[in-house]
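K.L.:
Make the full structure from the sequences, and use the hints.
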Amino acid sequence: MTPRERSEIIDEIVALAPKGLGLPEKTRKNLNALDDRELVEAHGKLKRVKVHAAASTLKRSDIGSKRAELASRREAAFARIARLEPNAAEVDRPAKDHTKTAVQAGALILPSGLLDPPPEGLNLKSALDIWNTYDRVRSSAITDSMRAAVVLWLEDFSLKTFGSREIELALVRALEGAPTNDFDQYFQLAIDRAGRDTLRILRNHLVHGIITIDAGAGDVVRLLAQTHLAEEALEPHFIGTVGGRIRETAAIDGLAKMRTFAIDYEPDVIITVSGGGKIVGDFIANEMKMPVEQNLTLQCRGKQTTLSGGWRLLKKFRRILLVDDIAGAPDLLCEAHRSLAYRSEGSEIQMVAFASTLGVRDQLIEEGHSSVFVAHAAAEHNLEVPWDRSGVYLDKHSNHVFGASGQGTPLRVAKAQLRRVSSSLMESSVLRRATAES
Amino acid sequence: MKKSDATGVCEDDASDPLWQLPVEMARLAIDTREPTSEQVEALRAYLDLRVISFRESDADGRLMPSAQPGYLETTASGRRVLVPFQLGPFFPSDEVLGPVVQIAEGVALDTGNPICISGSLTLLSAVREIGDLDYCEYHLARPYVLAERITEKVDAGAAELPLVEVKCGRKLHHPWEELGDALAAALRLEAAEGEAPPIKLDFVSNTDLGLFPTTSLVLALGADREAGNADESFTYQEAVICDDHAPRSLVRPESIGEYLKFLIENSRSWLQSESGASEKKRATKALKRLLSAALLMGETRLVESVVDGLAHPAVAEVTIRLRVEELHELLSYMPEGSAAPLRAKVDAQAASLQFSTEALAMAVEELLEIGQTVLDEVELLLGETGDDL
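Note that the protein sequences, when read in sequence, are chains A and B. Quick note: the first sequence uses this note's numbering, first residue 1034, plus one each step. Quick note: the second sequence uses this note's numbering, first residue 83, plus one each step.
Keep in mind the hints are simulated off the structure, nothing from the lab. Yeah, the Cβ is synthetic: ideal placement off N, Cα and C, and Gly gets one too. It cannot be assumed that every hint is accurate.
Derived DSS-like pairs: lysine-lysine, alpha-carbon spacing no greater than 25 angstroms straight-line [as the list claims (entries may be wrong)]:
(1) Lys235/B to Lys427/B
(2) Lys343/B to Lys363/B
(3) Lys343/B to Lys1099/A
(4) Lys1429/A to Lys1099/A
(5) Lys1322/A to Lys1349/A
(6) Lys363/B to Lys427/B
(7) Lys235/B to Lys249/B
(8) Lys1052/A to Lys343/B
(9) Lys1092/A to Lys343/B
Some, not all, of what chain B presents toward chain A, calculated at C-beta under 8 angstroms [claimed, not checked]:
(10) Pro99
(11) Leu103
(12) Glu138
(13) Ser387
Here are the in silico distance ranges between beta carbons for each label pair [stated by the list, open to error]:
(14) Lys1092/A to Ala273/B: 41 to 51 angstroms
(15) Ser1438/A to Ser175/B: 26 to 36 angstroms
(16) Asp313/B to Glu1326/A: 57 to 67 angstroms
(17) Asp192/B to Ala1088/A: 40 to 50 angstroms
(18) Asp1069/A to Asp113/B: 34 to 44 angstroms
(19) Gln1332/A to Glu361/B: 49 to 59 angstroms
(20) Ser1438/A to Ala240/B: 55 to 65 angstroms
(21) Ser175/B to Thr1339/A: 52 to 62 angstroms
(22) Lys1092/A to Glu347/B: 18 to 28 angstroms
P.N.:
So this is what it looks like as structure tokens:
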């Protein structure tokens, strides 16, 4: 059998393998391992099944819309269940050894009542030891001991829901990309990701506060208080990056924030800056179920900007959301904003970007674009998204795929995960708005 | 939209382009029709193709094609394990399978008998917690010998695997005063192969896997391995531990059809509020049945949805609660001296519970809704499939 014949047979069999669960890929791999005789045999079986299937009286009429409706109901149930809080159990249970859990986790996790009489079983000495270690090494390179100095006050739920190994992995993952030249930034990052975002991504639960038990750690706590205790969930997320590439966990959080921002704003059109921005623009449009005619693309070439479908389309819209993935240069967004404002008199325009350097964000705000939201603000200038910008966005059954069909690796985000992250943001957003209104 | 040349159905609508095969088998069972020899041959070819697709589909990539159609096989604790192809993606990892096989050998009445891993155990990678360990032992010889073996198990009183309850017509426990008479009545000396009612043995297994209610359904089979007690079990849900041929075949349209029919009817009954079933376990039971149905139908997109549902902490919570309840009941039948140390372990399991009753009820409501949408979709896929429906 020639290689071409083999290849054609394999393609034919793979085409009729079950989709999903990685089965088409496995089928191809397994078929490649067969010798010619075995492959011909498998092909014969395929022919037999195909003949049988083709002769079958069974037909599936157009059930796509009904399936979509059921899938939509299911998605709604998933979204609701993701927001449920388990609350305290009503069963009596023995006191938990918090200190042991904390040490295993690589983080000291203190129960809520620490400032009052310490709960029975909590070993305060271990807590102090970790803080003292922190003091000793604060001027040297970051070590595992310093990682352990991250003090998080978590709900008891988190301790029980996540095994210590899970928390440890979450922390390590969060900390691996931390810059080491700026200690404050390190702690900012550590708390940001490990304490809030990572855990929220994992299970929609937030860190509720940070406690010090040693005067030597005062400046750390001050830093934490300045940067996070007062922070709203929808504020930009300052990230430390290595080589400019935004980590996947941070990316998921950023995408959820963009989605939340967009839903909050309720635009009647989404206009995406062409290039990589199309991927996040299509994602937001898809999440908001925007029809194609309300999902437009803006081409910016120097001072010349064109809108897909023509500028006249703008007249019917009153609330415009301008979307980009990386706002690397303020001029581009400013020009895009200017073009839109000029041609849509009386319309409101808000801008949202997946990431930008702090300088760009600040400049946009300085130039009067107060309605700009940046999910990630970073110090790096060479920011990279964790997907292939030459690809496209795809809405798959269980996943959002960013950068599909490109040359590089796409980012797959489970819808359930994004739902979990988004649901907490939505609550926070609604709460913030309600507070502002009151 | 592109059409599949084999099926004429929009490809985007079918996770399995060869969906007609399992659906056709289900229709045979639902309509109580006999399969034709052509259908049997087509099923065999379909199984062979699916074995190629599901080879190494388990987490460890150890499941390899078996000589027996439709089965993949692996080894654990020195024993061969035959696994129906569709169970591959969620089959337990080696780390768990070893102890599972060892427990199987412990509960088996005759080590020469094929014994099957059944229930949630076969889908362990899709669930966070399991309520119990389910086995099914096929006894292929004259049944009377089982009476002697059961008595030996009771007398042995193994600390790691105490036999707590025997059901053969009635339930028997420690101090086992009526065990001999009950077994003699159920397993008559003169009875031929296959002539014995199903016997259910309830153990408590206390091993590295943890403390679990452990059940073995003992089915005496006659010369026709698909007759009599065989109706009590489904081949497509059983991973068979045996050193010889599997006692039953997957190349039976009735097997796949009856199992699918059972899964759909059973999940429907769990989902219906008037079922009177324990509220908290309705969603978990239904979702597990629907996962099995979606796997068998090749509906991988539905599989992903159900797995998402099963991954919710409320499902684990319900499972632990049920396990704790069942363990407490089983321990109540044991001599106090043996039960006391195990009771402490049960209490430790209860300590991991975290949902309030209200929160759990709300979660269960949503999981029921998820289950209902999956069932509706499964029924849609089966129900709109022929002019004669």
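K.L.:
For each hint, tell me whether it holds in the structure or not.
P.N.:
Against the structure, the hints come out as follows:
1. Lys235/B to Lys427/B: Between Lys235/B and Lys427/B the Cα gap is close to 23 angstroms, so the pair holds against 25 angstroms.
2. Lys343/B to Lys363/B: Measuring from Cα to Cα gives roughly 21 angstroms; hence the hint holds.
3. Lys343/B to Lys1099/A: With Cα atoms ~22 angstroms apart, Lys343/B and Lys1099/A stay inside 25 angstroms; holds.
4. Lys1429/A to Lys1099/A: holds, 17 angstroms
5. Lys1322/A to Lys1349/A: holds, 18 angstroms
6. Lys363/B to Lys427/B: Given that 25 angstroms is the threshold and the Cα spacing comes to 22 angstroms, the pair holds.
7. Lys235/B to Lys249/B: Roughly 14 angstroms between the alpha carbons, so the hint for Lys235/B and Lys249/B holds.
8. Lys1052/A to Lys343/B: holds, 23 angstroms
9. Lys1092/A to Lys343/B: Since the Cα atoms of Lys1092/A and Lys343/B sit roughly 19 angstroms apart, the hinted pair holds (cutoff 25 angstroms).
10. Pro99: Since chain A brings a Cβ to about 4 angstroms from Pro99/B, closer than 8 angstroms, the hint holds.
11. Leu103: Cβ of Leu103/B sits 7 angstroms from chain A, so the hint holds.
12. Glu138: Holds: closest Cβ of chain A sits about 6 angstroms from Glu138/B, inside 8 angstroms.
13. Ser387: holds, 6 angstroms
14. Lys1092/A to Ala273/B: 41 to 51 angstroms: 49 angstroms Cβ-Cβ, so the 41 to 51 angstroms window holds.
15. Ser1438/A to Ser175/B: 26 to 36 angstroms: Holds, since Ser1438/A and Ser175/B (Cβ atoms, about 33 angstroms apart) stay within the stated range.
16. Asp313/B to Glu1326/A: 57 to 67 angstroms: holds, 59 angstroms
17. Asp192/B to Ala1088/A: 40 to 50 angstroms: Given a distance of about 46 angstroms, which is inside 40 to 50 angstroms, the answer is holds.
18. Asp1069/A to Asp113/B: 34 to 44 angstroms: This hint holds: roughly 42 angstroms between Cβ atoms.
19. Gln1332/A to Glu361/B: 49 to 59 angstroms: Given a distance of about 58 angstroms, which is inside 49 to 59 angstroms, the answer is holds.
20. Ser1438/A to Ala240/B: 55 to 65 angstroms: holds, 59 angstroms
21. Ser175/B to Thr1339/A: 52 to 62 angstroms: This hint holds: roughly 55 angstroms between Cβ atoms.
22. Lys1092/A to Glu347/B: 18 to 28 angstroms: Taking Cβ atoms as reference, Lys1092/A and Glu347/B lie about 24 angstroms apart, which means the hint holds.
Violated hints for the displayed structure: none, as all numbered hints are satisfied.
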